[in-house]
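Trainee: Turn these sequences into a full structure, and let the hints guide you.
2 protein chains.
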Amino acid sequence: MAGTLWLIPMPLGASAGLSDVLSPITFQQIDAIRCFVVETPKVARAFLKPALTGALTERQWLELNQHAPTQALEPVIKSLLGGTDVGLVSDAGCPGVADPGALLVARVHQEIASGANIKIRPLIGPSSILLALMASGMNGQSFAFVGYLPSSPDERGKALIRLQARSAKNRETILMIETPYRSKSFLQTALNHLAGSTQFMSASQLSLPEEHIVSCSISQWRKITVDKRVLQQLAEPTVFALLAA
Amino acid sequence: MAGTLWLIPMPLGASAGLSDVLSPITFQQIDAIRCFVVETPKVARAFLKPALTGALTERQWLELNQHAPTQALEPVIKSLLGGTDVGLVSDAGCPGVADPGALLVARVHQEIASGANIKIRPLIGPSSILLALMASGMNGQSFAFVGYLPSSPDERGKALIRLQARSAKNRETILMIETPYRSKSFLQTALNHLAGSTQFMSASQLSLPEEHIVSCSISQWRKITVDKRVLQQLAEPTVFALLAA
Chain W
547 MAGTLWLIPM PLGASAGLSD VLSPITFQQI DAIRCFVVET PKVARAFLKP
597 ALTGALTERQ WLELNQHAPT QALEPVIKSL LGGTDVGLVS DAGCPGVADP
647 GALLVARVHQ EIASGANIKI RPLIGPSSIL LALMASGMNG QSFAFVGYLP
697 SSPDERGKAL IRLQARSAKN RETILMIETP YRSKSFLQTA LNHLAGSTQF
747 MSASQLSLPE EHIVSCSISQ WRKITVDKRV LQQLAEPTVF ALLAA
Chain P
547 MAGTLWLIPM PLGASAGLSD VLSPITFQQI DAIRCFVVET PKVARAFLKP
597 ALTGALTERQ WLELNQHAPT QALEPVIKSL LGGTDVGLVS DAGCPGVADP
647 GALLVARVHQ EIASGANIKI RPLIGPSSIL LALMASGMNG QSFAFVGYLP
697 SSPDERGKAL IRLQARSAKN RETILMIETP YRSKSFLQTA LNHLAGSTQF
747 MSASQLSLPE EHIVSCSISQ WRKITVDKRV LQQLAEPTVF ALLAA
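Listed in order, the protein sequences are those of chains W and P.
Residues in the first sequence are numbered consecutively from 547, following our numbering.
Residues in the second sequence are numbered consecutively from 547, following our numbering.
Note that these hints are calculated values from the structure, not bench results.
Owing to the predicted nature of the structure, the values given are computational and were not obtained by experimental measurement.
Don't take each hint at face value.
Remember, identical chains collapse to one label, so a pair may be satisfied in a single copy or spanning two.
[To be verified] In silico PhoX-like cross-links for lysine-lysine, where the CA-CA straight-line distance does not exceed 25 Å:
(1) Lys-730 <-> Lys-769
(2) Lys-774 <-> Lys-730
(3) Lys-665 <-> Lys-624
(4) Lys-665 <-> Lys-730
(5) Lys-730 <-> Lys-715
(6) Lys-715 <-> Lys-704
(7) Lys-665 <-> Lys-769
(8) Lys-730 <-> Lys-704
(9) Lys-588 <-> Lys-665
(10) Lys-665 <-> Lys-774
(11) Lys-769 <-> Lys-704
Mentor: The structure is reproduced here in structure tokens:
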């Protein structure tokens, strides 16, 4: 019998623990896993420690990230085929969503298609993209996540205008992320380029005590951007969304 | 002080309880809520009962669904402005995602933009769309949910071909849902119209004991569709996904 690949969501920040974001059943399942595939070992070990009995060194820890995108794949496949359960985790949120973990899941599906009896089990937990969509009040029947926009304000402005047109055409909520140190500049570009009637959201530190969500029209945003609290929050991980009128 | 609108995810089927899918902190928060806005009262009460002390009749229950899309909104706004905490729930999964709940969230954002001190708090829990994306092994850096496709096989086939072209252009994973009684016909249309190299997934009964996930190329699908287990699973709630090669 081959092993199972468990896809384990992680908290969205250090101010939440793993038991704060997973159900007791999910939390308990983690202890049976002997091999973890992680994005950043230090981050993953700190989050997983409360769920694991015994020393962390008794488990196998493999890296899968942008610096080591594929070298972990073959040893993991071997472990799974040999009957070992493997846990895949990101630094934050759901593995396979806006992170390199999808490479491993795709590789395991190839093995399954070739006859291997490996199971893939996605577990319930936090996703900043999904929490942002829920909180946006925008269209949840049709939405898209497009990741990062270009970093130059000019190119980013053009991308936002294209996304606004796409949103208008499909009645589609568009979700985007930005690195914290560029979020203020991102908001400024949105305020400069988007139509006044377009709905726009910033959602910072989702699921954490410091959570801060603003969702209103660009015209309304233009009145409130001097708000110090909004600017302060933008220095933290933030999801943005837009919906054209 | 105005109340908080809590967005509470529900289990994805009757074989999971609320405490199986929410963290203990989230589960405990629910008991403080005095007013619930629900899609189907019977379904919501059955799921919420274990989290609530005292009789269910001590809480206020309002309906927000396709038959009563907006009449619940004004009493809820009044309750929130008066300081009452309100819980918004769908029949399954996350409120505001592929359900009518987004109408209420949007209405509350309008009040906030006009100066009301209402808070919106999305809670962590199950979403079949997100679990399907995690388990797909497809692109998690760029994805879209497009809801239901047309029910006529001809129109659905054309829609799938358009979505495949869009997926190829944007390297975008496309997620779709179908009602259980049409899922077999949906799969047949996909096998008839999509390119052999396109990746295609069906993910049924996600997060439940009967979970069943198949993700491989259309060519590989064409070899396995006689599998009885796959056809049986398709009679249950299923998320489909595609990614063009």
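Trainee: When no copy is specified for Lys-730 and Lys-704, does a C-alpha distance of 25 Å or less occur within a copy, between copies, both, or neither?
Mentor: within (17 Å within a copy, 42 Å between copies)
Trainee: Please sort Lys-730 with Lys-715 into within, between, both or neither, judging by C-alpha distance up to 25 Å.
Mentor: This pair counts as neither: shortest intra-copy Cα distance 28 Å, inter-copy 30 Å.
Trainee: Cα distance capped at 25 Å. Does Lys-774 pair with Lys-730 within a copy, between copies, both, or neither?
Mentor: Answer is within; shortest intra-copy Cα gap is 12 Å, inter-copy 54 Å.
Trainee: Between copies, within a copy, both or neither: which fits Lys-769 and Lys-704 at Cα up to 25 Å?
Mentor: within (23 Å within a copy, 45 Å between copies)
Trainee: For Lys-588 and Lys-665, with the copy left unspecified, which applies at a CA distance of at most 25 Å: within, between, both, or neither?
Mentor: Classified as neither; 27 Å inside a copy, 34 Å across copies.
Trainee: Between Lys-665 and Lys-769, at a C-alpha cutoff of 25 Å, which is it: within one copy, between copies, both, or neither?
Mentor: Answer is between; shortest inter-copy Cα gap is 20 Å, intra-copy 52 Å.
Trainee: Have a look at Lys-665 and Lys-624 and pick one of within, between, both or neither, based on CA distance no larger than 25 Å.
Mentor: So Lys-665 and Lys-624 pass the 25 Å test inside one copy only (14 Å; across, 49 Å).
Trainee: If the cutoff is 25 Å on CA atoms, where do Lys-665 and Lys-774 land: within, between, both or neither? Let me know, please.
Mentor: between (48 Å within a copy, 18 Å between copies)
Trainee: Tell me, please, which holds for Lys-715 and Lys-704 at an alpha-carbon limit of 25 Å: within, between, both or neither?
Mentor: Answer is both: 17 Å inside a copy and 18 Å across each meet the 25 Å cutoff.
Trainee: At 25 Å max between alpha carbons, let me know whether Lys-665 reaches Lys-730 within a copy, between copies, both or neither.
Mentor: This pair counts as between: shortest inter-copy Cα distance 23 Å, intra-copy 43 Å.
Trainee: For Lys-730 and Lys-769, with the copy left unspecified, which applies at a CA distance of at most 25 Å: within, between, both, or neither?
Mentor: within (16 Å within a copy, 51 Å between copies)
In terms of the numbered hints stated before, the structure departs from hints 5, 9, listed from lowest to highest.
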